[in-house]
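With the hints as a guide, bring both chains together as one complex.
Each chain, written out:
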Amino acid sequence: MVATRRVLITGVSRFWGGNLARRLEADPTVERIVAVDTKSPTVNLERTDFVPADIRHSLIGKLLHALDIDTVVHAGLIVDPRRAGARTVHETNVIGTMNLIAACSAADSPVRKLVVKSSTAVYGSEPDDPSLWSETMVRKAPARDGFTRDLDEVEAYVHDFRLRKPEAVVTLLRFANVLGSRRDTPFARLFGLSVVPTVLGFDPRLQFLHEDDAVRVLEQATLDDRPGTFNVAGDGVVLLSQAVAIFGKVNAPLIPFIAPGLAMAALNRVATVGLPPHLTRLLQFGRVVDTTALRDRFGAMEHSTLDTVREHAKQRWVRAVVEDRAYPNEAELEEFLRSRRVASNGHEKEQPVGRGRRVARATPRRRSKAQP
Amino acid sequence: MTAVTSSNGTGGTASRILERRRSALKKLRAELPMAAMSATGTAAMRLREMTGRDVIDLESLQDLVSLAYRISEVRTEHRGGQHKVDEFGFDRTWTEALVPIFRVLYRRYWRVDVSGISVVPSHGPAMLVSNHSGVLPLDGAMIEVAVHDEVDRIPRALVASWFGGLPVLSWLLRRTGQTTGTPDDSLRLLRRGELVLVFPEGVRGTGKPFSERYRLRRFGRGGFVEVALRARAPIIPISVVGSEEIYPMIADLQPLAKMIGMPYFPVTPTFPWLGPLGLIPLPSKWRIRFHPMVRTDEYPADAADDPSLVMRISDEVRDTIQEGLVAELAERKSVFRG
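Order-wise, the sequence lines are chains H and G. Heads up: the first sequence at position 19 corresponds to 18 in numbering that gives the first Met the number 0, and the numbers run straight through without jumps. Heads up: the second sequence at position 328 corresponds to 327 in numbering that gives the first Met the number 0, and the numbers run straight through without jumps.
Next up, chain G with everything else stripped away, as it sits in the complex (with noise of 0.2 Å):
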C-alpha cells in the first residue's frame, strides 16, 4: 500500500482506477431498476409457464416502482418549494403520487367492482353523492381511485370541519383535495367546474353500528342539491357496498369520544382490543355503483330557494342511493368473496 501511494506515476493508476470503478457503479445504478425489471419480468413468464398461473403479480410491482419513482420525483420538486396548490390547498402531483399506495387496496385488498362509472363527465362540474360508512372513510378514497383510473380526474371529497383543528389532517386532507363541507366551499368548487365528492350523511354515516348497516341515515337537510342547483351542476347518485363490514362497529363509547373530542369512539372485535393491529380493516369485497345522473339545469334559475323541490330531489336521490345497495347486496353472495 505504502509502495503504491509513493510513487507519483502509481498514485495516478490507482486514481484512475478508482474513477473507472466509480464511473461503473455509477453505470449500474442507474441501470439495475431496469436490469432487475425485465429480470423479474422473465422469472415471472417462466414461473407462470411451469406452474400454469400468476406467481409474481408484475402489475403489483409496477405500481410499486412508479410509487417509489414519483415519490422521488415529487420531492424534488417540493425541495424548492416550486410547486403550486390550489386555493384549497390541493396538490395535484402529490395526491397522485399517494395514488398507487390506494391502488394496492382497491385492486388487490378490497377486489373493487365497479359500475356504471361511464356517467362521470370528464370535464365539467358534477356533484358525487355517496352512502358513508366504515368508521374511517376509506369509501371516499375508493371512490376517487375509481373516478381518477377512470376519467383521470380527482373529485374533491366535502370532510367535516373540525378536521382543520387535528394535527398532520389539517394539511394531508386539503393537499389530498377535501376541504370543508359548507355550501359556499362546494359551489366555489363546481363553479370552478370541478368533481365534489359528497356524503350528506356525514358522521351520522360513519358512526352508525354494525347493526345498522346499509340502511341509510338522513340526508343532511338537502343542502347538497341548494348548491348543486345553484351552481346548475347533475348530481351523480352512488352506492357504495363493503364498506360497512371493514370496521364492524359493535359499540360507541360516547364519554370517551366527547372527551377527546371525536364524533365517536368506536370498539370493533379488533379495536382497540389489539391496539394498533386493530386499526387493519377487513377485506370484504366491494361494489361501487354508479347510478344516471339527475339533471339540475332544466330547473329555473331560483330553484335552489324552493324548500319542496330540494327536499323532493334530495328523497330522490337517497332512494336512488338505497335501491342501489339492496342490489348490489342481493348480488353479493359472500362478505368476503364476493
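Bound conformation, chain H alone (with noise of 0.2 Å):
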C-alpha cells in the first residue's frame, strides 16, 4: 500500500482535475495537495496549492522532488479539442505526458504512484470491432485521427513507465464520454440542439459516464491502491436514437454513411456542434467497452448509461427554465471571506489572488506567458 500524502494534479483548471482536487481536500489524510495548469482552477479550492506552471516544462521534475510529491495524477489530457486549438491539444496531450512521466521515471523520483486518465477512444470506433472491448484487447486499424494517435503515445509512455519503475503502482484509467450538469463536452451540445444529426443507417451503440462517478474513480484510485488499467463507463449501452429520444429531440439523418467526416466539417459551420472526428466515427459505429474490471474493483458506478442519460436530459429541461448562472460573484465573495477569516484567526493575512492559494516558493521561474 503506498501512502498518499503528497498529491500533484495536473489539468486542475478544467473538471476532471478541478473536482479531484476539491474531493482531496476533505481528506485529512492528504497531507499536501498541488495542482499544476497553465490556467486558474475554475472551482474554489480551500486548501489546494496552485502552481501557475506548463507540464511541459522541466522543472516538473523539480518541483516533485521540492515537494517530496509521493503521488502524481495526470487529469490533464485534452478530449475535446474546442477546449484549444489542435496544435495545443497536442503538446499537452503528448508532450506533457511525456516531460512529466519522464520527470515521475528519474531514478531520484519520489514519486510511489501514478494514476492516468485515459480515454475509451483508444479503442477507435470501427465497422468490425468486437461488440465489447476488454482492457487487453488491442485496435487493429491504424489511428484515424490525431487524437486516437496522441493516445496511443500517452499510454505508451504509461507503459514504459510501468517497466521503468515496477514497484511503483500506476492506474491507467480509460473513461467514456462523460454527461453531467458541470461539465459540456461535444456530446452535451449535440444533444443540446432541437435537431441532432446522425449517419443515415446507422444506430449505435454509445456508453456515458457520469461525472460524479468519473470524480469518484478517479479519487478512489489516488488514495487506494488500485494497479491496472480499467474501462471506465456507466453500465449497460444507450442507443443514439434512444438518447435522441430522450432529450426528446429530432432524429435527423443528415449525414451521408459515404464520407461522414466531410459533411460533419460541414455542419460544424453551421451548427457549431463541435464533434472532433474521433467522434464522428462514434456516431457511426459506435463503440462499447468491458467494465468488468472496474466493477471488481471499483464497485458498481452510480449511474447507469441510460441514468446518466437520463438525468442529464432531465438537468437540461430545468436549466432551459431556471438559468444555471450562480451568483455572479460568488468565487471572488467566497475568497474575501476566506480570507477574511484567515485574518481573524490571527495568521498571516493571504493576498487572494485566483481561486485557490498560489506557491511562489515552488516556482523558481515563474514565466510570464503560465499567467492566467
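Everything labelled a hint here was simulated from the structure, so no lab data went into it. Where a beta carbon is used, it is the ideal one built from N, C-alpha and C, also for glycine.
Only part of the chain G face toward chain H is listed, based on derived beta-carbon distances under 10 Å: (1) HIS77; (2) PHE87; (3) VAL167; (4) THR178.
Straight-line alpha carbon distances no greater than 20 Å define the calculated SDA-like cross-link-like pairs of lysine to any residue that follow: (5) H:LYS313 / H:ARG188; (6) G:LYS257 / H:PRO126; (7) G:LYS83 / H:SER240; (8) G:LYS83 / G:ARG174; (9) G:LYS83 / H:ASN250; (10) H:LYS313 / G:HIS77; (11) G:LYS83 / G:ARG191; (12) H:LYS139 / G:PHE162.
Label pairs and their in silico Cβ distance ranges: (13) H:ASP183 / G:ALA159: 35 to 45 Å; (14) G:ALA159 / H:GLY191: 30 to 40 Å; (15) H:ALA264 / G:GLU322: 51 to 61 Å; (16) H:ARG4 / G:PRO166: 49 to 59 Å; (17) G:PRO166 / H:ARG268: 20 to 30 Å; (18) G:THR39 / H:THR291: 44 to 54 Å; (19) H:ARG318 / G:ALA35: 42 to 52 Å; (20) H:ALA83 / G:LYS257: 37 to 47 Å.
See below:
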C-alpha cells in the first residue's frame, strides 16, 4: 500500500483535476495537494496549492522533488479539441505527458503512484470491432485521427513507466464520454441541438459516464492502490436514437454514411456542434467497453449509462427554465470571506489571488506565459 | 345554419350533439376491432360448415392483428426512449414484435416441419450449430422462429463482422439479437447463459452454387468448438433442408461482388432479371431437425487448447449435420410439396 500524502494533480483548470482536488481536500490523510496548470482552477479550492506552470516544462521534475510528491494524478488529457487549438491539444496531451512521466521515472523521483486519465477512444471505432472491448484487447486498425494517435503515445509512455518503475503503483483509467450538469462536452452540445444530426442508416451503441462517478473513480485510484488498466463507463448501453428520444429531440439522419467526416465538418460550420473526428466515427459505429474489471476493483458505478443520459436530459429541462447562473461574483466573495477568516484567526493575511492559493517558492522561475 | 349558430341555446344543443357523436365515434373505434374479429370468427365458422373446409384462415388473421397491436405498443414504448437494449444492442420486445412476420413465412410459405426441438434447453447456455445456405441467411430466421415458438427463447446468431459497415443492417441485425462472429462475442454470450446460433460454414455456405446443394463446406477451423469447450456449453447440431432451394444460385458474378464489397453476387433464375421481384424466394418445403446435444462439460478445463480434440468434435458435429441432411432429403419426396 502506497500511502498517499502529497499529491500533484495536472489539468486542474478543467473539470477533472479541479473536482478531484476538491474531493481530496476533504480527506485529512492527504497532507498536501499541489495543482499544476497553465490556467487557474475553475472550482473553489480551499487548501490546494496552485502552481501556474506548464507540464511541458522540465521544472516539473524539480517541483516533484522539492515538494516530495508521492502521488501524481495526470488528469490533464484534453479530449474536446474545442477547448484549445489542435496544436495545443497535441502539445499538452503528448509532450506534456512525456515530460511529466519522464520526471516521475527519474532515478531519484519520490513518486510511488501514478494515475493517468486516458479515454476509451483509444479503442477506435470501426465497423468490424468486437461488440465489447476488454482492457487487454488492442485496436486492429491504424489510428484514424490525431487524437487517437496521441492517445496511443500517451499510453505507450505509461507502459514505459510501468517497465521502468515496476515497484510503482500505476493506474491507467480509460474514461467513456462524460455527461453531467457541470460539464460542457461535445455530446452535451450535440444533444443540446433541437435537431440532432445522425448518420443515415446507422444507430450506434454508446456508453456514457456520469461526472460524479468519473470523479469518484479518479479519487479512489488516487487514495487507494488500484494498479492496472480499467475501462470506466456506466453500466449498459444506450442507442443513439434512444438518447435523442430521451432528450426529446428530432433525430435527423443528415450525415451520409459515405464520407461522414466531410459532412460533419460542414455541419460544424452551421451548427457549431464541435464534434471532433474521433466522435464522428463514434456516431456511425459506436463503441462499448467491458466494465467487469472496474466493477470488481472499484465497485458498481452509481449511474448506469441510461440513467446518466436521463439525468442529463432532466437537468437540461430544468436549465431551460431556470438559468443555471450562480451568483455572479460568488467566487470572489468566497475568496474575500476566506481571506477575512484567515486574518481574523490571527494568522498571516493572504493575498486573495485567483481561486486557490499560490505558492511562489515552488516556482523559481515564473514565466510570463504561464500567467493566467 | 345561421339560425342555429345565432342563438346561444340552440348553439349549446348543437355542441351537445357533436359531443355525443364524438364519444360515439370513440366508442366505435374502441369496439370495432373486437366486433370485426368476432364477426370474422362467425363468418369463418359458417363458411367451414357450408364448404367443409377452412376458407378464412383464422390463425394467420390473429397473427396479423397481434402484429399490428405489438408494433403500436412497441412504438409508444420507444417514443420516449424508455426501452432497454443489452450491451450487444439486442432489443427483445422489438424483436418479438417482428416474429409474426417471419411466422407467416414459417407456417404458410415454407411449411417448416421441426423435429427433435425438445433438446433445446429452456434455460442456460447452448450452442446451436447449423448448416448454412440459401444466398440470404433466412435459415437463421426460421431456426429462431422455431426456437422462439417452442422454448420461448431467442437464439443469438453470429454473423460476419462486415455487416457493421452496412447501413440499416448494421443496427437491424444487432437490434434483433445478432452479433459479430468473433470468439470473444460468442464466449461472452454463452457465459451469460444465452443460446448462440452458429453457422460454421459462413458465407462459404450461403454462397455455394445450386449444383453443390446440401454438401457441407469446411467448418472453419473449429473455433465454435473451442468456444463451447471454454464456456462448457453443450453443442446442438441442426440440419436444415429446404433453404438450398429458395434461391437456386446458378452463377456468381465475383468481379461485380468485389466491386460493391459483397462476398458474392448471385445469379438465380429470377435474379437479377426480374429486378426486385427476383428477391421473392421460392416456396420450397422445409424440414429442420435438431440432433441430440454433444456434451462438452465432461472434458478437462484446458480441452479448448487441444487442437486435435477440437477438430475431432468439429468433425463429429459436421458428420451429424451431414447425415441429418441426407436422412431428411431421403424422406422428402418433392422439393415444393414435401
